[in-house]
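The residues making up each chain are set out below.
There are 2 protein chains.
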Amino acid sequence: MGSLDANCNASPRGFSPLDIDDFRQQAHQTIEFICEYYKGIESHPVVPRWSPAISAVSSPMLSEVQATVFPGMTHWTNPNFFAYFPATLSSAALCGDLLASALNPVAFNWLSSPAVTELESLTLDWLAQLIRLPKGFLFSAGGGGVLQATTSEAILCTLVAARKMVLERAGHDGADKLVVYASDQTHSTFAKACKIAGIAPANIRIIPTAREDLFSLRPDSLRAAMEADTAGGLLPAYVCATVGTTSSTAVDPVAGLAEAASRFGAWVHVDAAYAGSACVCPEFRHHLDGVDRVDSISMSPHKWLLTGLDCCCLWVRDRARLTTSLSTDPEYLKNRATESGAVVDYKDWQIGTGRRFRALKLFMVMRCYGTANLQSHIGSDVRMARGFEEMVAAEPRFEVVVPRRFALVCFRMRPRRVGADGEAEADAANRRLLEEVNNSGGIYATHTVIGGMYVIRFAVGTTLTQERHVKVAWELFRDKAEAAWEAVQ
Amino acid sequence: MGSLDANCNASPRGFSPLDIDDFRQQAHQTIEFICEYYKGIESHPVVPRWSPAISAVSSPMLSEVQATVFPGMTHWTNPNFFAYFPATLSSAALCGDLLASALNPVAFNWLSSPAVTELESLTLDWLAQLIRLPKGFLFSAGGGGVLQATTSEAILCTLVAARKMVLERAGHDGADKLVVYASDQTHSTFAKACKIAGIAPANIRIIPTAREDLFSLRPDSLRAAMEADTAGGLLPAYVCATVGTTSSTAVDPVAGLAEAASRFGAWVHVDAAYAGSACVCPEFRHHLDGVDRVDSISMSPHKWLLTGLDCCCLWVRDRARLTTSLSTDPEYLKNRATESGAVVDYKDWQIGTGRRFRALKLFMVMRCYGTANLQSHIGSDVRMARGFEEMVAAEPRFEVVVPRRFALVCFRMRPRRVGADGEAEADAANRRLLEEVNNSGGIYATHTVIGGMYVIRFAVGTTLTQERHVKVAWELFRDKAEAAWEAVQ
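If you're matching them up, the sequences are chains A and B in order.
Using my numbering, read the first sequence as starting at 1 and increasing by one per residue.
Using my numbering, read the second sequence as starting at 1 and increasing by one per residue.
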């Protein structure tokens, strides 16, 4: 990787790191470099061979990155990438983010760059309307939205707001009595946020789900848990419901959970990181039914709405509840705009103080493409996933483990005999199959375990993926199936 | 601002948001747009007039941004921006970040894009060596570095690690007995991190500083506070020392504080967000003396090392202490590389799971410019600030309030009479002066209050600032001084 001082511009005389001509030349070169990368994207193995360190070379910079970094990368933009959830991207987002980087405002409060805050508020209101959130989440109604980095931050911030709300009601005592709730399908970041916030592990309820409920959290299970806690002198404080879980895109019934939680005064947050983007399409919007009764909802356009990493939207119904729990007021940031009470200071809506101008890329994606294109984008991915699902279902050796809801297909090779031994064999064979397919270098997919089964996750939706990639991917699974069984028997 | 659906590309047929030719054309246009912006940067008022909403227009996108967003922005890249701390930028960082956005890997763990993790570890080791951190902070010695968004995240993560360390030693009980320490000059994000982590306000010690100590935290004050807490049955857990405070770039004596804290087993973190970058120059490195005895240190190259927002480096001496307090292990992320124990999974070093490829821009800044240029960049800003300080000192009506240490000058007009009334008048006059200067639109500076005095902060160092800008700025202050006095008397 060369060394720090083998640099391409070592003269300290007249160092001007933002010289316009230099920038123009380097930036245009970078763009051509990126275009060449995209053109050849399928020539890179999706996921690299296991090697725990990058090797050492020394050459001019872009070619150095190409020679040294590319071979060790997992290429998330490769259309044969079907792992995790895809991170989608677009020209509008790339250009918006480049411009935001060039402007480089640090808009911690309104005054530090008013239009940055205003554009963010406007864009969040637009997106709220696009996925038809209730009016209560708009700024005009006392709610509002903010751009954060990831769902983890949204959960942590709303958890802190919920703690304050519940403790104030209970008389500011008993932080050790607060209990939080989620299902066994909730993203691990929920447990991590609880750990960071100092919620004792004994007060975190991870409620089991079942295959017959398609791995959704049952409202009666939540109610029973809250009743038991209340009877034990504890305070139900926070529920994290998920619309589109990471394992299998299970959807927790938002209305039922909100109803159950309301009796106990707990804050309800909806994590729609992945599936929230699908709600730009009318046919998916019903998954958010009941959201008019929750306190907050987050979704990540960096997952499925073409903005690139990182971009997570958080909306709250009562913005004062969030900001009073996160606000700071140091002398060096005091200003008349803040004192007027008429402006939004986003530092009080997030963990950090400084923040990037993330709104610009989201704004440009929405403004440049518009509703019809965004719906078309979601629809196209869902159609490709449906095609994959149908190919799996048509092949008797395979089964779709849970019905596909969005663009993730959870499937496996069926067990060859009934009972625990048969299941264990199937787990081993499916694990082997996934390894073989990934080792081919042709595609990359990942796994999960749900309902005790080892399941292959096939997530459709990198921006460049087309039907032909999905078809070839399925053929790879199908063709390697027999060998996988043989290898484990 | 138009509306969502007045978009420039509304046809849902054949929507391909990452079409290479479209991207090439739009990206090159964006770059030319940015070059024009930089060329005309001084024609924009640094800080806009107060207006609580952006107005409505509708036109093609980049010109829409120019017409609607620019007039409402505070222009952080304007060379006449002297507010807060500057956010520095460079061509290498912009190109590196653009490439990172185009690659768009979500490198939460090693396997999800190995080279992204490897490059980050390498780059953090390089920067540690550049500012001569002790070997204990390098990966080879069991330490290591990570890129986070901001100092807030670094403080919160290390606070969580400290809590686990101290509670384990104390026998896993008594979270309500943990006490944390900082000075009254520590950034407000410290108190916010404590609030998020659930540290009770009664257990947060904000220790006063004094002008005669140049607003540094005295080790004997820390020791006395810890002794009193220990005598009261409490557990000293965490100290946040600052090298270069936000108000006045005060430097807490790292060695003395580490010595005091070591008797009580508290974790010591050094926040060198701003001044850490200066330590690439040998003449400033002594401010970190004693860092060999602390547990963690963070600095933000987005402040003063040309990387653009956001980019905060956190190094820890014992990486296992950090990762065991933040790790998660969901089934869908399990993989052989993680199980081998031979790789770094950065999701266990931060709050979130997903993460941007921030290392690329920091790598490109260091690799492209090298030590000599980075030193020259810091030296040039310091020289300009020294020039400003000398102009202030040469003018009898003004005074430098605390000696300049880096590139921030804290100054004011002197009181015209001795005593409290004279101080109050001076506060009013200086406040008025700053308002008048900022309202001129020519420059932007901010204020603080230290030692009870209203003080103007003049922070030199946007990437495009030259000596002539500093000179004109000083003339503005000098020329408006008399009128400011008159206005308040």
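In short, the hints are calculated from the structure, not lab data.
Bear in mind the structure is a predicted one, so any value in this text is a computation, not a measurement.
Treat the hints with care, since some could be wrong.
Since the list gives no way to pick out one identical chain from another, each pair is judged satisfied if it fits inside one copy or across any two copies.
[To be verified] Pairs of lysine-lysine residues, derived as DSS-like cross-links and limited to a Cα-Cα distance of at most 30 Å, are as follows:
id, residue 1, residue 2
1, K164, K135
2, K135, K471
3, K334, K471
4, K195, K334
5, K334, K164
6, K480, K164
7, K39, K164
8, K480, K334
9, K164, K471
10, K135, K480
11, K39, K480
12, K39, K177
13, K177, K480
14, K177, K334
15, K471, K39
16, K135, K177
17, K195, K480
18, K471, K177
19, K39, K135
20, K195, K471
*Up to 30 Å between alpha-carbons, please classify K39 paired with K135: within, between, both or neither.*
neither (44 Å within a copy, 43 Å between copies)
*Can you tell me if K135 and K177 fall within 30 Å by alpha carbon in one copy, between copies, both or neither?*
Classified as neither: same-chain Cα gap 33 Å, cross-chain 44 Å, threshold 30 Å.
*30 Å Cα cut-off: does K195 pair with K334 within a copy, between copies, both or neither?*
between (33 Å within a copy, 20 Å between copies)
*Since the copies are identical, ignore which copy is meant and state whether K195 and K471 lie within 30 Å (CA to CA) inside a copy, between copies, both or neither.*
Neither: 43 Å inside a chain and 51 Å across chains, both beyond 30 Å.
_Reference check for the pair K135 and K471, CA-CA at most 30 Å: within, between, both, or neither?_
neither (42 Å within a copy, 52 Å between copies)
*At 30 Å max between alpha carbons, let me know whether K39 reaches K164 within a copy, between copies, both or neither.*
neither (52 Å within a copy, 49 Å between copies)
*Between the shortest in-copy and the shortest cross-copy C-alpha distance, which are at most 30 Å for K177 and K480: within, between, both, or neither?*
neither (53 Å within a copy, 58 Å between copies)
*Within, between, both or neither: K334, K471 at alpha-carbon 30 Å*: Classified as between: cross-chain Cα gap 27 Å, same-chain 59 Å, threshold 30 Å.
*Between copies, within a copy, both or neither: which fits K164 and K135 at Cα up to 30 Å?*
This pair counts as within: shortest intra-copy Cα distance 24 Å, inter-copy 42 Å.
*Up to 30 Å between alpha-carbons, please classify K135 paired with K480: within, between, both or neither.*
neither (51 Å within a copy, 49 Å between copies)
*From the Cα coordinates, with 30 Å as the cut-off, is the pair K39 and K480 best called within, between, both, or neither?*
Within one copy only: 29 Å inside a chain, 59 Å across chains, cut-off 30 Å.
_Homo-oligomer pair classification [K177, K39; C-alpha up to 30 Å]_ = neither (57 Å within a copy, 59 Å between copies)
Against the hints set out earlier in the document, violations occur for numbers 2, 6, 7, 9, 10, 12, 13, 14, 16, 17, 18, 19, 20.
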